[in-house]
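Start from the sequences and build out the full structure, keeping to the hints where you can.
As they're listed, the protein sequences go chains A and B. Sequential numbering of the first sequence, starting at 1, is according to our numbering. Sequential numbering of the second sequence, starting at 496, is according to our numbering.
Keep in mind the hints are simulated off the structure, nothing from the lab. Hints are supplied without guarantee of correctness; some may be wrong.
No farther apart than 30 Å at their CA atoms in a straight line, the calculated lysine-lysine pairs in the DSSO-like style are these [said to hold, decoys possible]:
id, chain 1, residue 1, chain 2, residue 2
1, B, Lys543, A, Lys256
2, B, Lys538, A, Lys306
3, B, Lys530, A, Lys206
4, B, Lys538, A, Lys195
5, B, Lys866, A, Lys256
6, B, Lys530, A, Lys485
7, A, Lys306, B, Lys668
8, A, Lys87, B, Lys785
9, B, Lys785, A, Lys478
10, B, Lys694, A, Lys191
11, A, Lys485, B, Lys780
12, A, Lys87, B, Lys538
13, A, Lys306, B, Lys543
14, A, Lys474, B, Lys818
15, A, Lys485, B, Lys843
16, A, Lys434, B, Lys543
17, A, Lys87, B, Lys550
18, B, Lys781, B, Lys668
19, A, Lys301, B, Lys668
20, B, Lys781, A, Lys474
21, B, Lys497, A, Lys350
22, A, Lys306, B, Lys890
23, A, Lys195, B, Lys509
24, A, Lys204, B, Lys818
25, A, Lys350, A, Lys256
26, A, Lys478, B, Lys781
27, B, Lys530, A, Lys204
28, B, Lys540, A, Lys306
29, B, Lys866, B, Lys928
30, B, Lys781, A, Lys306
31, A, Lys256, B, Lys785
Bear in mind the structure is a predicted one, so any value in this text is a computation, not a measurement.
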Amino acid sequence: MHKENQSLIFEVSKPGRIGYSLPELDVPEVDVASILSQGVIRTEDAELPEVSELDIMRHYTALSNRNHGVDTGFYPLGSCTMKYNPKINEAVARFPGFARVHPLQDESTVQGALEVAYDLQEHLAEITGMPQVTLQPAAGAHGEWTALMMIRAFHEANGDTQRTKVLVPDSAHGTNPASATVAGFDTVTVKSNEKGLVDLEDLKSKVGPDTAALMLTNPNTLGLFEEDILEMAAAVHGVGGKLYYDGANLNAVMSKARPGDMGFDAVHLNLHKTFTGPHGGGGPGSGPVGVTDELAAFLPKPVIEKVDDRFVLNYDVPQSIGRVKPYYGNFGIYLRAYTYIRSMGPDGLKAVTEYAVLNANYMMRRLEPYFDLPYTQHCKHEFVLSGRRQKKLGARTLDMAKRLLDFGYHPPTIYFPLNVEEAMMIEPTETESKETLDNFIEAMIQIAKEVEENPEIVQEAPHTTVIGRLDETKAARKPMLRYIKEQSPVEETVQ
Amino acid sequence: MKHRYLPMTEQDQKDMLETIGISSIDELFSDIPEKVRFKGEYKIKPAKSETSLLKELGRLAAKNINAQDYASFLGAGVYDHYRPIIVDHVISRSEFYTAYTPYQPEISQGELQAIFEFQTMICELTGMELANSSMYDGGTALAEAGTLAAGHTRRKKLLVSATVHNESHAVVKSYADGQYIEVVTIPHNNGVTDIDKLKEMIDDETAAVLVQYPNFYGQVEDLQAISDIAHENGALSIVSANPLALGLLTPPGALGADITVGDAQPFGIPESFGGPHCGYFAVSKKLMRKVPGRLVGETNDDQGRRGYVLTLQAREQHIRRDKATSNICSNQALNALAASVAMTALGKEGIKEIAYQNIAKTAYAKQAFEKAGFEVKFGAAHFNELVVDCKSPIKDVNKRLLDQGIIGGYDLSLVDESLANHALIAVTEQRTKEEIDAYVQELEAIHA
Numbered sequence: 001m002h003k004e005n006q007s008l009i010f011e012v013s014k015p016g017r018i019g020y021s022l023p024e025l026d027v028p029e030v031d032v033a034s035i036l037s038q039g040v041i042r043t044e045d046a047e048l049p050e051v052s053e054l055d056i057m058r059h060y061t062a063l064s065n066r067n068h069g070v071d072t073g074f075y076p077l078g079s080c081t082m083k084y085n086p087k088i089n090e091a092v093a094r095f096p097g098f099a100r101v102h103p104l105q106d107e108s109t110v111q112g113a114l115e116v117a118y119d120l121q122e123h124l125a126e127i128t129g130m131p132q133v134t135l136q137p138a139a140g141a142h143g144e145w146t147a148l149m150m151i152r153a154f155h156e157a158n159g160d161t162q163r164t165k166v167l168v169p170d171s172a173h174g175t176n177p178a179s180a181t182v183a184g185f186d187t188v189t190v191k192s193n194e195k196g197l198v199d200l201e202d203l204k205s206k207v208g209p210d211t212a213a214l215m216l217t218n219p220n221t222l223g224l225f226e227e228d229i230l231e232m233a234a235a236v237h238g239v240g241g242k243l244y245y246d247g248a249n250l251n252a253v254m255s256k257a258r259p260g261d262m263g264f265d266a267v268h269l270n271l272h273k274t275f276t277g278p279h280g281g282g283g284p285g286s287g288p289v290g291v292t293d294e295l296a297a298f299l300p301k302p303v304i305e306k307v308d309d310r311f312v313l314n315y316d317v318p319q320s321i322g323r324v325k326p327y328y329g330n331f332g333i334y335l336r337a338y339t340y341i342r343s344m345g346p347d348g349l350k351a352v353t354e355y356a357v358l359n360a361n362y363m364m365r366r367l368e369p370y371f372d373l374p375y376t377q378h379c380k381h382e383f384v385l386s387g388r389r390q391k392k393l394g395a396r397t398l399d400m401a402k403r404l405l406d407f408g409y410h411p412p413t414i415y416f417p418l419n420v421e422e423a424m425m426i427e428p429t430e431t432e433s434k435e436t437l438d439n440f441i442e443a444m445i446q447i448a449k450e451v452e453e454n455p456e457i458v459q460e461a462p463h464t465t466v467i468g469r470l471d472e473t474k475a476a477r478k479p480m481l482r483y484i485k486e487q488s489p490v491e492e493t494v495q
Numbered sequence: 496m497k498h499r500y501l502p503m504t505e506q507d508q509k510d511m512l513e514t515i516g517i518s519s520i521d522e523l524f525s526d527i528p529e530k531v532r533f534k535g536e537y538k539i540k541p542a543k544s545e546t547s548l549l550k551e552l553g554r555l556a557a558k559n560i561n562a563q564d565y566a567s568f569l570g571a572g573v574y575d576h577y578r579p580i581i582v583d584h585v586i587s588r589s590e591f592y593t594a595y596t597p598y599q600p601e602i603s604q605g606e607l608q609a610i611f612e613f614q615t616m617i618c619e620l621t622g623m624e625l626a627n628s629s630m631y632d633g634g635t636a637l638a639e640a641g642t643l644a645a646g647h648t649r650r651k652k653l654l655v656s657a658t659v660h661n662e663s664h665a666v667v668k669s670y671a672d673g674q675y676i677e678v679v680t681i682p683h684n685n686g687v688t689d690i691d692k693l694k695e696m697i698d699d700e701t702a703a704v705l706v707q708y709p710n711f712y713g714q715v716e717d718l719q720a721i722s723d724i725a726h727e728n729g730a731l732s733i734v735s736a737n738p739l740a741l742g743l744l745t746p747p748g749a750l751g752a753d754i755t756v757g758d759a760q761p762f763g764i765p766e767s768f769g770g771p772h773c774g775y776f777a778v779s780k781k782l783m784r785k786v787p788g789r790l791v792g793e794t795n796d797d798q799g800r801r802g803y804v805l806t807l808q809a810r811e812q813h814i815r816r817d818k819a820t821s822n823i824c825s826n827q828a829l830n831a832l833a834a835s836v837a838m839t840a841l842g843k844e845g846i847k848e849i850a851y852q853n854i855a856k857t858a859y860a861k862q863a864f865e866k867a868g869f870e871v872k873f874g875a876a877h878f879n880e881l882v883v884d885c886k887s888p889i890k891d892v893n894k895r896l897l898d899q900g901i902i903g904g905y906d907l908s909l910v911d912e913s914l915a916n917h918a919l920i921a922v923t924e925q926r927t928k929e930e931i932d933a934y935v936q937e938l939e940a941i942h943a
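Structural data, given as C-alpha cells:
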C-alpha cells in the first residue's frame with residue numbers, strides 16, 4: 001500500500017475494540033434460537049469495523065479535511081446555488097421538539113410541526129404565485145416527477161389519454177427528460193435559438209393535441225430569462241397542454257417574477273438551493289411542488305391543511321396521485337428552509353435575488369475579455385462561458401477546472417449546458433463578498449494567461465490537491481464498489 | 496439592505512454597477528416582460544432577528560410531543576434507537592454538510608471515501624454484492640427496486656405482500672403507475688406473507704415479489720421460500736429489510752434476494768417527523784449496471800495513489816436523459832454519512848448486541864402483555880415489534896399513556912379495520928423494563 005493512501009475505516013479496525021455504549025440488559029436473557037427459527041439466525045458476522053471512539057473521530061476528521069464545502073471556500077458551481085448555509089437552521093433542526101418527533105404520532109401531539117409545514121406552504125405559495133403547495137417530494141427530481149404525475153392525472157381525468165408527449169428544451173437539466181420518462185411520457189426536444197432562448201417557432205411546430213406539458217427553467221440553464229415566456233405559455237395552453245416550471249433557478253427571480261404570473265401550472269422548488277438547505281455532499285434535499293387550483297385535486301396525500309385553528313392531515317383526496325414518499329417529505333430540510341425565509345423576510349429575499357444577479361453580471365463582464373461569452377445580454381444569477389478559445393491553445397475546460405483547484409476554489413459546473421462548447425457555468429450567489437469574487441476573477445485571468453504562455457501547468461493540474469486526476473476509465477471498466485480485504489474488481493456475469 | 500448573510504455594501508454596489516456599465520440593478524431585470532414583472536414585496540412574514548426567531552421556533556417545537564421527553568413505543572418503520580453522540584459531531588463538520596455532490600474528486604475524497612465505506616457496510620449487513628450511495632428513503636427505494644425489476648424482466652406486474660409497510664406499499668403503487676406497471680397485493684396469513692396464495696398468484700407476467708423483513712407486523716418472513724418461488728417463475732426477489740435487525744438475522748443476500756433495500760434510519764438518524772431518513776439499495780452483481788443513483792468506485796491517480804470517484808455514470812439521468820430508468824439525482828448523502836458513523840460505532844460486536852437487546856426486550860414485553868391478559872397476535876418470530884390486542888380503541892389508550900409519559904404503539908385500525916383495538920408496539924433497546932411495565936400497568940388500569 002502506498003504510504004500516502006488515506007486509510008479506510010476497515011483498515012483501522014482491530015478485533016476487540018469497541019466504539020459504542022449500550023446499557024446493561026435489564027430484562028431476562030433469552031435464547032435467540034428459541035425465538036427465531038434456525039434458518040433466519042445469522043451464522044456469519046457482518047464485518048463492521050472494530051474501532052474506539054477516538055479512532056472514529058480521527059478517521060472522519062481526516063476525511064473531512066479531504067473535502068471542500070461552502071464553509072471551506074468559494075463554490076461557484078452553476079445551477080447548484082451554493083450559498084452560505086446559515087447555522088441557525090442547523091440549531092433549529094436539532095431541537096428535540098422537531099428532531100425527535102415521530103411521523104405517526106397523533107395529530108394533536110404534532111401541532112407545532114404541522115404549523116411549520118402549513119406556514120411554509122403559505123410562504124412558498126406567495127413566493128411562487130401558485131395557490132397550492134405540497135411538501136412531500138424529497139428532492140428536485142422527485143418534485144418534477146410528482147408534478148408530471150399530477151399533470152398526467154389531470155389529462156386522464158379529462159379523457160385526454162392521447163397526451164403522451166412532454167416538451168423539454170435542449171438546454172434542460174438531465175432530470176427533466178428522465179422525470180418525463182419515469183412518469184410515462186415520451187420526450188420531445190425543443191431547440192434553442194441564437195440568443196440562447198427557446199426557439200418559439202420550433203416550439204410552435206412541436207405542440208399539438210398530443211402535448212401533455214412543456215418543462216421549462218426560467219431563467220434557463222444559460223442564466224438567461226426566457227423573454228417570450230407569455231407567447232410560449234399561450235402556445236402550450238392553446239393546444240391544451242400544461243406548463244411546468246423547474247425551480248432550480250428561482251434564486252434569480254425572487255420578488256422579480258413569479259412562475260404563477262408567467263403562466264405556469266406547476267412548479268417545483270429546490271429548497272436545498274435557493275432556500276439554504278445544506279447540500280450535505282449530495283443530499284438530502286427537499287422538492288416541494290406548487291400548482292394551480294385546477295391541478296390541486298391531484299396533489300399527493302395527505303394534504304396539510306388548517307381547519308379553524310387546528311392543523312390537520314387530510315387523506316380524503318379522491319383524485320390524488322397517491323403517495324410519492326412515506327410520511328410528509330423531508331421535514332428536517334424544509335424546516336431549515338422555513339427558518340431561512342423567516343430570517344430574510346420579504347425585503348431580504350428581494351435583496352438576495354438582486355445581489356445574486358448583480359454578482360453574476362459583475363463577474364461576467366470582468367471575465368468577458370478573457371473567455372468566449374456565447375450569449376452577451378445581461379445574465380441572471382449565473383452565466384456560461386465557453387473555453388473554446390483556450391481549447392485551441394491546448395487546454396480544455398476540464399484542465400482549467402482542475403487548475404482552479406490549485407487556487408483553493410471549487411470549479412464551476414463544466415460541460416453543461418450541452419448546447420455550449422467547453423461550457424463553464426458560473427453561479428456566485430449573493431452570499432459572497434466582492435473581494436471573494438475579485439480573487440476568483442484574478443485566478444481565472446491568470447489561468448487564461450497560463451494557457452497562452454505555459455499550457456502544461458494547466459494541462460497537468462491539479463498540483464496541490466491530496467490526490468491527482470483519477471483514472472475514471474479504470475473505475476468503470478473494473479468496478480470496485482466496496483472494500484474487500486483482498487481487493488478485486490466485480491466480475492460481471494451479465495452485461 | 497443590511498443582513499448578516501449579505502456582504503454587499505453600498506460602495507460594492509456602486510463599483511460593480513460601474514464595471515457592468517449600468518446605473519441601477521433594475522436594468523439587469525429589464526428582460527423580464529412588463530406583464531409578468533412582480534412589483535412590490537412578497538406578502539410574507541417580516542424578517543426576525545436570530546434571537547426572536549429561535550424563541551418563536553422553540554415555542555413551536557415545544558408544542559410537539561417528542562421521544563426525548565417521552566418513552567416511545569411507536570415504530571412502524573421509524574424507530575427510537577441508540578444514537579451515538581459522535582454521529583452528530585461528525586455530520587456537523589461543515590466540510591461534509593456544505594459540500595455538493597462530489598463531482599470534483601480531487602477535493603471531494605472525504606465524501607467519496609465515506610460513501611465507499613457506506614456501500615461496503617450495507618453489503619456486509621445485507622449480504623448483497625454491491626450497494627449504491629443511498630436513496631431518499633426505504634419507501635422510494637422499494638419503489639425503484641420494483642421499477643428496476645420490471646425493466647430488467649420486461650414484465651409489467653409486481654406482487655407486493657400485504658405485510659409490507661402500508662406507506663411504502665402506496666409509494667410502490669405511485670411509482671408503478673408512472674410506468675404502467677400493475678401492482679397486486681399478496682394477502683397475509685397470520686401476519687406473514689401467504690405462501691400458498693403467492694404460488695397461485697405468481698405468473699409469467701410477474702416481474703418481482705416484494706416483501707419486508709422483519710415485516711410490518713414485526714414478523715420474520717420465510718425469505719428463502721419466497722425467493723425460490725419468485726425465481727422458479729422468472730421473477731426477482733425484492734426484500735425491504737431493517738438493517739439493524741440484520742445484526743442477528745440471516746442477510747437477504749443469503750436467502751435468495753436479488754435486490755435488498757430499506758432505510759438506514761435506525762443507524763443514528765433522528766425521527767425528524769418522517770424525514771430526511773436514508774434509503775439504501777443493494778443488489779446482486781448481475782444488476783450492477785441497472786442500479787439507480789450514484790455509485791462510488793475505487794481507482795487510482797497517475798502516481799498510483801488510491802482514490803475514489805463516482806462511477807458507472809452512464810446509468811444516470813445526466814448522461815442518459817430520457818433513456819434513464821430512474822430520475823434520481825440528489826440522494827441522502829449526509830444521512831448515509833450519519834448511518835456510516837453509527838454502524839462504525841456499533842461495529843462488529845455492537846450490531847449483534849443491539850439486535851439481541853431488541854429481541855430480548857421484545858420477548859420480555861410479549862410475556863408481560865400476555866401475563867396481564869392482553870393477547871399478542873400472530874405467532875411467527877418477533878424482532879422488535881408486537882401486535883397487541885389492547886381491548887380498547889388505541890386512540891383512547893394512547894391518550895392515557897401520554898399522561899404517563901409514554902408514546903403508545905401505532906393504531907392498526909388506521910390500516911386494517913379488522914385490527915381495531917390493536918396496537919403495533921415497538922420495543923427497542925432504548926426502552927427500559929420499567930417503561931415496559933408501566934405500559935402494561937396502564938393497560939391493566941384501563942380495564943380494571
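To see whether the hints hold, each was checked on the structure:
Between Lys543/B and Lys256/A, the direct Cα distance comes to roughly 22 Å. Compliance with the 30 Å bound is thereby established for this hinted pair. Pair hint Lys538/B plus Lys306/A holds up; C-alpha atoms about 19 Å apart against a cutoff of 30 Å. For the hint linking Lys530/B to Lys206/A, the alpha-carbon distance of about 26 Å falls within 30 Å, and the restraint holds. Restraint check for Lys538/B and Lys195/A: the C-alpha separation of about 35 Å exceeds 30 Å, so the hint is violated.
A threshold of 30 Å between alpha carbons decides the hint, and for Lys866/B with Lys256/A the separation of about 67 Å lies outside it, so the pair is violated. Restraint check for Lys530/B and Lys485/A: not satisfied, since their Cα atoms lie roughly 65 Å apart, outside the 30 Å limit. Simply put, Lys306/A and Lys668/B have alpha-carbon atoms about 28 Å apart, close enough for the 30 Å limit, and the pair holds. A hinted pair counts as satisfied when its Cα atoms are at most 30 Å apart, and Lys87/A with Lys785/B does not qualify at roughly 38 Å.
Only pairs whose Cα atoms come within 30 Å are accepted, and Lys785/B paired with Lys478/A is accepted, the gap being roughly 16 Å. Between the alpha carbons of Lys694/B and Lys191/A the distance comes to roughly 52 Å, so the proposed pair goes past 30 Å and is violated. For the hint pairing Lys485/A with Lys780/B, the CA-to-CA distance comes to about 18 Å; that is within 30 Å, so the pair holds. With a C-alpha separation of about 26 Å, the suggested pairing of Lys87/A with Lys538/B holds against the 30 Å cut-off.
Straight-line distance between C-alpha atoms of Lys306/A and Lys543/B comes to about 24 Å, which keeps the hinted pair within the 30 Å bound. Between Lys474/A and Lys818/B the CA atoms are separated by roughly 24 Å; this keeps the pair inside 30 Å, and the hint holds. Note on Lys485/A and Lys843/B: the hinted pairing holds, with a Cα-Cα distance of about 16 Å set against a maximum of 30 Å. For the suggested pair Lys434/A and Lys543/B, the alpha carbons sit about 26 Å apart, so the restraint of at most 30 Å is met.
Taking the CA atoms of Lys87/A and Lys550/B, the gap is near 15 Å; set against the 30 Å cutoff, the hint holds. Our distance criterion of 30 Å between C-alpha atoms is met by Lys781/B and Lys668/B, whose separation comes to about 25 Å. The hinted pair formed by Lys301/A and Lys668/B meets the criterion: a straight-line CA distance of about 13 Å does not exceed 30 Å. Straight-line distance between C-alpha atoms of Lys781/B and Lys474/A comes to about 19 Å, which keeps the hinted pair within the 30 Å bound.
A threshold of 30 Å between alpha carbons decides the hint, and for Lys497/B with Lys350/A the separation of about 12 Å falls inside it, so the pair holds. Straight-line distance between C-alpha atoms of Lys306/A and Lys890/B comes to about 21 Å, which keeps the hinted pair within the 30 Å bound. A threshold of 30 Å between alpha carbons decides the hint, and for Lys195/A with Lys509/B the separation of about 29 Å falls inside it, so the pair holds. Proposed proximity of Lys204/A and Lys818/B is supported: the alpha carbons are some 25 Å apart, at most 30 Å.
About 8 Å separates the Cα atoms of Lys350/A and Lys256/A, which keeps this hinted pair within 30 Å; it holds. The suggested pairing of Lys478/A with Lys781/B holds, with an alpha-carbon distance near 14 Å, which does not exceed 30 Å. Taken as a hint, the Lys530/B and Lys204/A pair is honoured in the structure, with Cα atoms around 21 Å apart against an allowance of 30 Å. Of the pairs offered as hints, the one joining Lys540/B and Lys306/A holds, with about 18 Å between alpha carbons and a cut-off of 30 Å not exceeded.
A hinted pair counts as satisfied when its Cα atoms are at most 30 Å apart, and Lys866/B with Lys928/B qualifies at roughly 15 Å. Taken as a hint, the Lys781/B and Lys306/A pair is broken in the structure, with Cα atoms around 49 Å apart against an allowance of 30 Å. Distance hint between Lys256/A and Lys785/B is unfulfilled; the C-alpha atoms sit about 42 Å from each other, more than 30 Å.
Of the hints listed earlier, those the structure fails to meet are numbers 4, 5, 6, 8, 10, 30, 31, in rising order.
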